[in-house]
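Undergrad: Letter by letter, the chains look like this.
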Amino acid sequence: MIGNGSATALFRRDMKLAFRRLGESLLPLFFLFTVIVLIPLGVGPGPNLLARMAPGMVWVAALLASLLALEHLFRPDLEDGTLEQWFVGEHSVYRRVLARLFSHWLITGLPVILFSPLAAEMLHLPRHALGTLIISLLIGTPALSLLGGLAAALTLSTRGASVLLSILIFPLIVPLVIFATGAVSMAADSLDPSAHLGLLAAFTILSLTLAPIGIAAALRMNLE
Amino acid sequence: MIWKTLKLWFHKLGSAPSFYNFSKTVAPWLWVGFAITTAYGIYLALYVVPPDYQQGDSARILYIHVPAAWQAMFIYGVMAMLAAIALIWRIRLTEILAMSCAPIGAALTLVCLATGSLWGKPMWGTWWEWDARLTSMLVLLFIYIGIMGLYAAFDDRRKGARIASVLILAGAVNIPIIHFSVEWWNTLHQPATIKLTGESSMDPSMLPPLIWMVISTKLFFGAALLDRARNELLDQDRSKSWVARKVLQTSR
Numbered sequence: 001m002i003g004n005g006s007a008t009a010l011f012r013r014d015m016k017l018a019f020r021r022l023g024e025s026l027l028p029l030f031f032l033f034t035v036i037v038l039i040p041l042g043v044g045p046g047p048n049l050l051a052r053m054a055p056g057m058v059w060v061a062a063l064l065a066s067l068l069a070l071e072h073l074f075r076p077d078l079e080d081g082t083l084e085q086w087f088v089g090e091h092s093v094y095r096r097v098l099a100r101l102f103s104h105w106l107i108t109g110l111p112v113i114l115f116s117p118l119a120a121e122m123l124h125l126p127r128h129a130l131g132t133l134i135i136s137l138l139i140g141t142p143a144l145s146l147l148g149g150l151a152a153a154l155t156l157s158t159r160g161a162s163v164l165l166s167i168l169i170f171p172l173i174v175p176l177v178i179f180a181t182g183a184v185s186m187a188a189d190s191l192d193p194s195a196h197l198g199l200l201a202a203f204t205i206l207s208l209t210l211a212p213i214g215i216a217a218a219l220r221m222n223l224e
Numbered sequence: 001m002i003w004k005t006l007k008l009w010f011h012k013l014g015s016a017p018s019f020y021n022f023s024k025t026v027a028p029w030l031w032v033g034f035a036i037t038t039a040y041g042i043y044l045a046l047y048v049v050p051p052d053y054q055q056g057d058s059a060r061i062l063y064i065h066v067p068a069a070w071q072a073m074f075i076y077g078v079m080a081m082l083a084a085i086a087l088i089w090r091i092r093l094t095e096i097l098a099m100s101c102a103p104i105g106a107a108l109t110l111v112c113l114a115t116g117s118l119w120g121k122p123m124w125g126t127w128w129e130w131d132a133r134l135t136s137m138l139v140l141l142f143i144y145i146g147i148m149g150l151y152a153a154f155d156d157r158r159k160g161a162r163i164a165s166v167l168i169l170a171g172a173v174n175i176p177i178i179h180f181s182v183e184w185w186n187t188l189h190q191p192a193t194i195k196l197t198g199e200s201s202m203d204p205s206m207l208p209p210l211i212w213m214v215i216s217t218k219l220f221f222g223a224a225l226l227d228r229a230r231n232e233l234l235d236q237d238r239s240k241s242w243v244a245r246k247v248l249q250t251s252r
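Going line by line, the protein sequences match chains A and B.
1 is the number of the first residue of the first sequence in this note's numbering; add one for each residue after it.
1 is the number of the first residue of the second sequence in this note's numbering; add one for each residue after it.
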């Protein structure tokens, strides 16, 4: 599919590992579920209030679910030395980074998208905005994985990586959250969300082109 | 001939001892300039400029607020350039300079946020408003803090500086996007009154103290940067012989 043997092999291995530890891989999803349940308990069950907050809550939950898996994105490979092999061979690091991020997205992003109709229903999001929510998640969650991957690569060999990682990722994803929730809120008010979705797509494409370069550079520096 | 001398001087500046000498001679003059321009600018702002016809005396806080905001963004630009140089040519001094920019930028961002909040209470009736520019300054503060945190998290300072430089460049790409996305999201702040091109919507009598304060923040940045970088350099090289020589020289 990707055309490069080593990247495809890496992707196959990651997916195989994820399926072998299915329970562990699905934990972020259960975490997202608990966040979705906790918020109405905190702010009250009023359907109007929940419907106003639904786009933001689903997105924040998706972000938290993605964050959980980030710490282990490159760490095991650093510890057992495989990461060094990425830079020794002739194969492109860029593609391996993309393969790794793609499997991260399949494990954390895709389940969130599949789960989102249920979350939307529980939070009383207007039915006609559901399509926009799913599209915004489809376009936006890859950028979440990409920028999260950048934060994970930067903090790879630091002390207290997980706290630092959450601090670093927050400013980077501000536009993502604004465009995505903006689109869903527009759709909920029966307005045309295509402008927000277009900007969201542009943001994702920009991070797709630039983030892997930054990730590869940061990984290499962490190995030095 | 002059070009050659300048070039030689510039290359020499990259070495630790000559940067030490340079910053030690230049920084005090910048501090003096900072003190003079600030005193004069504050004097003009408080005593010479008439009160605003709508906002009264509380408008005077803008002479701190606006220069701090400009300088906070200007510092990010300088830091991003230094970070790019550090990554491309691996010059140690630019790494140190880039890392010394972050705390100064964070401090000025904080000044901007604090004065904005103080001004917002009488004018908007609230300490904090989720207004576009306030929010993007807050995000800028978080980016500065992230850079400082990342740099501090490495035992190897050079490695930390270079990895933080990657973050600085990622932030440089992202900051304009953040700015416009937030602006689009919510705006209460008045639009920019001073424009480089076209007519400013500010009365000319209010301009001179602002110019003095802008110069003063520039001088402050220069002086603080040189002092911070010199201390960082001494700390990193504390076991090197040139530091021992300098320290002995000054204590004698």
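Simulated from the structure, these hints should not be mistaken for lab results.
Cβ atoms here follow ideal geometry from the backbone N, Cα and C, with glycine treated the same way.
There could be a bad hint or two in this list.
What the hints assert, rightly or not - From the derived model, a few chain B residues whose C-beta atoms are all more than 12 Å from chain A:
no., residue
1, Thr5
2, Pro17
3, Val26
4, Ala35
5, Trp70
6, Val78
7, Glu129
8, Leu140
9, Phe142
10, Ile145
11, Leu150
12, Lys159
13, Ile163
14, Ile215
15, Arg230
16, Lys246
Claimed, not checked - Chain B regions said to be covered by chain A (calculated; three or more residues, Cβ under 8 Å):
no., stretch
17, 165-173
18, 176-184
Unchecked claim - Distance ranges between label pairs, derived from CB positions:
no., chain 1, residue 1, chain 2, residue 2, range
19, B, Ala35, A, Asp80, 50 to 60 Å
20, A, Glu90, B, Val32, 36 to 46 Å
21, A, Arg220, B, Tyr40, 24 to 34 Å
22, B, Arg90, A, Met15, 47 to 57 Å
Undergrad: Which constraints among the numbered hints does this structure fail? Numbers only, ascending.
TA: Violated hints (numbers, rising): 8, 9, 10, 11, 12, 13, 20, 21 and 22; every other hint is consistent with the structure.
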